[in-house]
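Take these sequences, add in the hints, and give me the full structure.
Number of protein chains: 2
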Amino acid sequence: MKRPLSFTIEKRLESSLARAGVISTPHGDLKTPVFIAVATKATTKGLGSFMYEDMGIQGIIANAYHLYLNPGEKTVERAGGVGKFMAWEGPTMTDSGGFQVFSLGEGLGKKVSKISIEEKPRESGVAVFDEEVATSHGKLAVVDEEGVTFTSHVDGSLHRFTPERSMEIQHGLGADIIFAFDECTSPTADYQYQKEAMDRTHRWAKRSLAAHRHNIDANAKQAIYGIVQGGRFEDLRLESARTLADMDFDGYGIGGSFSKQDILGILDKVNRALPEEKPRHLLGIGEPEDIFIGVEAGIDTFDCVLPTRNGRNGTVYTHAGKIIIENAAFTEDQGPIDEQCDCFVCKRYSRSYIQHLFRSKEMLGGILASAHNMRFLTRLTENIRASILDGSFQSFKQEFLARYK
Amino acid sequence: MKRPLSFTIEKRLESSLARAGVISTPHGDLKTPVFIAVATKATTKGLGSFMYEDMGIQGIIANAYHLYLNPGEKTVERAGGVGKFMAWEGPTMTDSGGFQVFSLGEGLGKKVSKISIEEKPRESGVAVFDEEVATSHGKLAVVDEEGVTFTSHVDGSLHRFTPERSMEIQHGLGADIIFAFDECTSPTADYQYQKEAMDRTHRWAKRSLAAHRHNIDANAKQAIYGIVQGGRFEDLRLESARTLADMDFDGYGIGGSFSKQDILGILDKVNRALPEEKPRHLLGIGEPEDIFIGVEAGIDTFDCVLPTRNGRNGTVYTHAGKIIIENAAFTEDQGPIDEQCDCFVCKRYSRSYIQHLFRSKEMLGGILASAHNMRFLTRLTENIRASILDGSFQSFKQEFLARYK
Numbered sequence: 000m001k002r003p004l005s006f007t008i009e010k011r012l013e014s015s016l017a018r019a020g021v022i023s024t025p026h027g028d029l030k031t032p033v034f035i036a037v038a039t040k041a042t043t044k045g046l047g048s049f050m051y052e053d054m055g056i057q058g059i060i061a062n063a064y065h066l067y068l069n070p071g072e073k074t075v076e077r078a079g080g081v082g083k084f085m086a087w088e089g090p091t092m093t094d095s096g097g098f099q100v101f102s103l104g105e106g107l108g109k110k111v112s113k114i115s116i117e118e119k120p121r122e123s124g125v126a127v128f129d130e131e132v133a134t135s136h137g138k139l140a141v142v143d144e145e146g147v148t149f150t151s152h153v154d155g156s157l158h159r160f161t162p163e164r165s166m167e168i169q170h171g172l173g174a175d176i177i178f179a180f181d182e183c184t185s186p187t188a189d190y191q192y193q194k195e196a197m198d199r200t201h202r203w204a205k206r207s208l209a210a211h212r213h214n215i216d217a218n219a220k221q222a223i224y225g226i227v228q229g230g231r232f233e234d235l236r237l238e239s240a241r242t243l244a245d246m247d248f249d250g251y252g253i254g255g256s257f258s259k260q261d262i263l264g265i266l267d268k269v270n271r272a273l274p275e276e277k278p279r280h281l282l283g284i285g286e287p288e289d290i291f292i293g294v295e296a297g298i299d300t301f302d303c304v305l306p307t308r309n310g311r312n313g314t315v316y317t318h319a320g321k322i323i324i325e326n327a328a329f330t331e332d333q334g335p336i337d338e339q340c341d342c343f344v345c346k347r348y349s350r351s352y353i354q355h356l357f358r359s360k361e362m363l364g365g366i367l368a369s370a371h372n373m374r375f376l377t378r379l380t381e382n383i384r385a386s387i388l389d390g391s392f393q394s395f396k397q398e399f400l401a402r403y404k
Numbered sequence: 000m001k002r003p004l005s006f007t008i009e010k011r012l013e014s015s016l017a018r019a020g021v022i023s024t025p026h027g028d029l030k031t032p033v034f035i036a037v038a039t040k041a042t043t044k045g046l047g048s049f050m051y052e053d054m055g056i057q058g059i060i061a062n063a064y065h066l067y068l069n070p071g072e073k074t075v076e077r078a079g080g081v082g083k084f085m086a087w088e089g090p091t092m093t094d095s096g097g098f099q100v101f102s103l104g105e106g107l108g109k110k111v112s113k114i115s116i117e118e119k120p121r122e123s124g125v126a127v128f129d130e131e132v133a134t135s136h137g138k139l140a141v142v143d144e145e146g147v148t149f150t151s152h153v154d155g156s157l158h159r160f161t162p163e164r165s166m167e168i169q170h171g172l173g174a175d176i177i178f179a180f181d182e183c184t185s186p187t188a189d190y191q192y193q194k195e196a197m198d199r200t201h202r203w204a205k206r207s208l209a210a211h212r213h214n215i216d217a218n219a220k221q222a223i224y225g226i227v228q229g230g231r232f233e234d235l236r237l238e239s240a241r242t243l244a245d246m247d248f249d250g251y252g253i254g255g256s257f258s259k260q261d262i263l264g265i266l267d268k269v270n271r272a273l274p275e276e277k278p279r280h281l282l283g284i285g286e287p288e289d290i291f292i293g294v295e296a297g298i299d300t301f302d303c304v305l306p307t308r309n310g311r312n313g314t315v316y317t318h319a320g321k322i323i324i325e326n327a328a329f330t331e332d333q334g335p336i337d338e339q340c341d342c343f344v345c346k347r348y349s350r351s352y353i354q355h356l357f358r359s360k361e362m363l364g365g366i367l368a369s370a371h372n373m374r375f376l377t378r379l380t381e382n383i384r385a386s387i388l389d390g391s392f393q394s395f396k397q398e399f400l401a402r403y404k
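Going down the list, the protein sequences come from chains A and B.
Residue numbering for the first sequence follows numbering that gives the first Met the number 0, beginning at 0 and increasing consecutively.
Residue numbering for the second sequence follows numbering that gives the first Met the number 0, beginning at 0 and increasing consecutively.
Simulated from the structure, these hints should not be mistaken for lab results.
Careful, some of the hints might be misleading.
Unchecked claim - No more than 27 Å apart at the CA atoms, straight line, and that leaves these computed lysine-lysine pairs for DSSO-like: (1) B:K268 to A:K83; (2) B:K360 to A:K73; (3) A:K259 to A:K404.
Pasting the structure below:
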């Protein structure tokens with residue numbers, strides 16, 4: 000069977016799992032390690048695909064949960080898939096919606112009613128879905144063996160995802176790389192529940208894979224990644240990696256954790272348990288220092304909302320660390336955000352001007368800061384890749400981190 | 000004396016005052032008739048100068064009131080002037096702040112306390128400035144013979160503009176074309192008050208001109224336009240045009256009215272009273288049908304916030320008239336906003352996608368709609384100019400307006 004995705008490792012380091020390679024998709028190559036732009040609702044916040052080339056963006060990751068709710072996967076499918084819909088010709092991924100169902104449904108934050116699976120009585124570890132409870136309590140997510148019933152964060156309407164339904168949605172969205180449907184547990188969940196959830200995620204992974212392979216048309220055009228779960232417990236993470244490694248996935252996502260501390264420390268071990276020849280994606284982690292950790296632990300692709308979220312808040316990356324652009328020190332600063340940056344923002348605009356935009360509450364401020372931050376991260380992974388290829392990774396890393404506070 | 004602005008009329012129509020020409024400034028040419036982008040706070044809302052070339056933007060108009068409040072004209076001056084500050088190399092204008100002092104101070108809308116000059120006792124037609132009244136009543140603008148005292152719309156702090164101060168600010172901002180400081184009257188002001196205000200505006204025009212010519216450095220680099228006032232009264236408008244025509248301005252702005260109906264009907268007569276060889280700018284009017292009226296009445300340059308304000312609201316221009324992009328009819332519409340448009344938005348994005356962005360409250364929706372609208376208007380004036388030059392203006396106008404509903 001000819002797979003829609005191929006991964007060639009060009010160079011491996013001996014001192015760590017770091018490697019440089021090329022992931023080839025039907026819509027072009029991802030030269031790894033690479034930072035992928037988040038485009039949750041088929042747009043990177045504040046940044047259009049018309050700006051991607053200038054920002055060195057090689058690929059994007061959209062979200063099945065959000066695009067299922069709006070505009071619906073059928074609309075995206077009729078437009079020719081998520082890439083065509085958003086006018087982006089390069090490689091695309093979609094996350095399965097698992098994280099969003101649980102994070103937006105059950106709620107990480109304070110705005111959400113706490114009718115969570117852990118607070119409800121369970122029979123043999125599985126919450127029993129009770130429609131009356133679900134509809135009467137606003138936002139929630141109730142898991143059962145078959146799938147998850149949840150209320151939309153948009154209008155509170157009731158929806159249900161199963162692994163099969165997530166595949167159907169992701170086939171409609173048509174991204175080059177899709178993800179198995181997984182259960183994201185709460186960071187406070189105890190060991191017993193994490194184990195139950197992980198085992199269920201593995202059964203869902205199998206069903207996701209079967210549903211995907213069964214759709215011959217999608218199978219020929221779209222690659223599927225499994226997602227390693229297990230929360231903050233090392234033995235569960237390793238068990239998850241080994242279990243998924245035995246399944247016929249095209250690559251692997253590591254994620255679903257709500258805290259990066261849960262995963263960065265054991266990432267190296269997790270990746271050693273995964274097949275070496277398949278690409279690995281680290282979901283939702285993207286601070287510069289964490290990217291180095293990820294690369295050395297064998298991660299090939301990254302995505303994270305931080306560059307645009309920070310950008311909208313006026314926090315921008317420089318080689319000397321992050322700065323708050325509204326700081327009075329920059330009022331008369333005619334220099335670019337970062338002297339070393341090659342982005343169109345730094346080529347054109349001063350710190351003084353960008354501060355003025357933020358202080359005047361002009362949306363261009365967030366746009367420019369987001370664009371710069373995005374380029375900062377794509378360039379960081381470009382430079383990491385180059386340093387792996389030419390053998391200078393260790394010195395590049397040391398020099399970068401010595402300056403970056 | 001070598002002036003910083005020259006205006007060459009390339010062609011005049013016989014059937015109306017319409018004409019095509021070139022305004023040459025120290026930062027390049029404006030090929031007229033032309034629609035100028037509003038950049039009130041040194042940014043067009045949602046659109047960066049890095050996109051201007053794609054949108055066919057030839058020049059921008061920033062605002063002395065807003066830039067005086069934030070970041071202050073000294074900061075802009077130290078950056079090298081408003082063009083350099085916002086990274087725009089082409090021609091720039093600044094409005095004097097008169098309109099904003101009165102519209103944001105005295106208040107067009109409902110949010111503003113109605114302590115207006117017309118409701119205060121006046122001695123011989125001039126409001127006496129009373130600091131106690133001013134500071135105790137929040138937003139207001141109090142006019143006297145010397146100038147206007149007003150509260151900032153940002154923080155309520157007390158400020159004062161005079162013609163001399165407006166010139167000083169505009170010299171700091173350093174635009175190629177600056178405007179005399181004028182009083183904008185309320186649309187409900189009676190004839191007597193309009194006359195008083197107009198006479199005062201003429202005295203202010205003289206003082207603005209003197210202050211400008213006195214600054215030899217600015218005078219050599221910046222052109223100054225007088226502003227025709229007189230509210231909705233034809234005789235006052237004509238008197239204003241004739242009075243200003245006798246002064247040594249480099250060009251003229253027609254404006255200060257809060258209702259376009261006040262001015263469009265008498266524009267032709269007003270412009271006939273102005274010197275034919277000097278350029279004329281119509282302030283704040285930009286609907287396609289009004290641009291035709293303006294061009295035929297002899298207007299050379301236009302500016303208006305409508306393309307971006309409409310864009311942010313999801314109202315977009317097409318050759319068949321304006322459409323609301325969130326309309327259900329466009330949910331599956333894979334075509335561009337306007338089939339005939341050459342903008343980067345129409346080349347790339349579908350109505351379906353842009354609707355999705357608006358429904359999802361993604362800021363990219365407003366950005367793309369604003370960019371398209373801006374190009375629609377710059378292209379309209381490009382086409383009007385071409386039709387004047389090749390003698391097809393009447394048929395172009397008839398065909399355009401027959402389709403545009």
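Ascending list of hint numbers which this structure does not respect | 1
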